[in-house]
Amino acid sequence: DTAVSQTPKYLVTQMGNDKSIKCEQNLGHDTMYWYKQDSKKFLKIMFSYNNKELIINETVPNRFSPKSPDKAHLNLHINSLELGDSAVYFCASSQGFTLAGEKYGIGETQYFGPGTRLLVL
Amino acid sequence: AQKITQTQPGMFVQEKEAVTLDCTYDTSDPSYGLFWYKQPSSGEMIFLIYQGSYDQQNATEGRYSLNFQKARKSANLVISASQLGDSAMYFCAMRGSNYKLTFGKGTLLTVNP
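Protein chains in written order, with my numbering: chain A, 1 to 121; chain B, 1 to 113.
Be aware that a few hints might be false.
[Unchecked claim] Non-contacting residues of chain B with respect to chain A, defined by C-beta distances greater than 12 Å in every case (computed):
#1 D22
#2 T60
#3 N67
#4 S74
#5 S82
#6 K100
#7 K105
#8 T110
#9 V111
[To be verified] Straight-line alpha carbon distances no greater than 25 Å define the calculated BS3-like cross-link-like pairs of lysine-lysine that follow:
#10 K100(B) x K41(A)
#11 K105(B) x K41(A)
#12 K105(B) x K52(A)
#13 K100(B) x K67(A)
#14 K36(A) x K105(B)
By construction, these hints were calculated from the structure, which means they are not laboratory data.
Each residue gets a CB set at the ideal place from its N, CA and C atoms; glycine is no exception.
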């Protein structure tokens with residue numbers, strides 16, 4: 001009964017390949033996120049979806065495309081993988097918020113999945 | 001723009017002692033949230049504690065407490081009675097009006113027996 005799950009846990013692939021990482025949450029949350037943790041352990045937001053709508057889209061190469069088939073799932077597809085894409089990718093979820101709210105959402109806790117360790121050779 | 005600074009790349013503490021992990025932040029938002037996460041060597045990110053900028057009292061969760069000093073823009077994590085299982089990377093994070101969670105670079109805590 002894992003709250004936020006990701007598959008696969010490990011992904012080793014060659015440069016130029018296309019790969020996907022799947023994320024599912026069973027917390028009933030409306031908002032989901034993708035983060036990248038680099039080799040120095042620095043965590044940075046990539047995308048966020050609220051109820052299937054893209055709400056945060058950081059400066060990420062367009063080789064990365066998130067897809068949210070429903071609010072419990074947020075997948076990350078990466079085209080033409082490069083060496084620099086090697087990292088740990090975390091999915092997270094939180095209760096949800098509306099952009100119109102000022103304070104609503106600021107205190108939301110984000111719950112993270114176990115991470116996907118991607119190694120591009 | 002939001003910024004989180006964790007000045008201690010590594011910290012050591014003896015088992016059963018208390019330890020303080022520093023975190024300072026910079027933001028122009030009138031309201032914001034501050035979070036601490038733990039990342040053990042197994043890699044998962046575990047939520048520890050939350051402090052809202054308008055909260056009057058410092059947050060506490062079991063052995064974790066957050067020493068929030070708003071005027072100094074600091075949100076230090078205090079772990080009391082350290083245990084070997086507390087050895088991990090600890091991240092301070094902030095969320096402001098842009099709703100993005102911004103992380104610091106982390107502090108690696110080692111608890112010695």
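To see whether the hints hold, each was checked on the structure:
1. D22: The assertion about D22(B) holds, with a minimum of 17 Å to chain A.
2. T60: Nearest chain A Cβ is 16 Å from T60(B), so the label holds.
3. N67: The claim holds: N67(B) sits with its nearest Cβ about 18 Å from chain A, beyond 12 Å.
4. S74: 18 Å, holds
5. S82: Label holds. Min Cβ-Cβ 21 Å, cutoff 12 Å.
6. K100: 5 Å, violated
7. K105: 6 Å, violated
8. T110: Given that every Cβ of chain A is farther than 12 Å from that of T110(B), nearest at about 15 Å, it holds.
9. V111: It holds; V111(B) is separated from chain A by about 19 Å at its closest Cβ, greater than 12 Å.
10. K100(B) x K41(A): Within the cut-off at roughly 18 Å; holds.
11. K105(B) x K41(A): Holds - the C-alpha atoms of K41(A) and K105(B) are around 7 Å apart, at most 25 Å.
12. K105(B) x K52(A): 30 Å, violated
13. K100(B) x K67(A): 19 Å, holds
14. K36(A) x K105(B): Distance of about 13 Å is within 25 Å: holds.
When the structure is compared with the earlier hints, violations turn up for hints 6, 7 and 12 and for no others.
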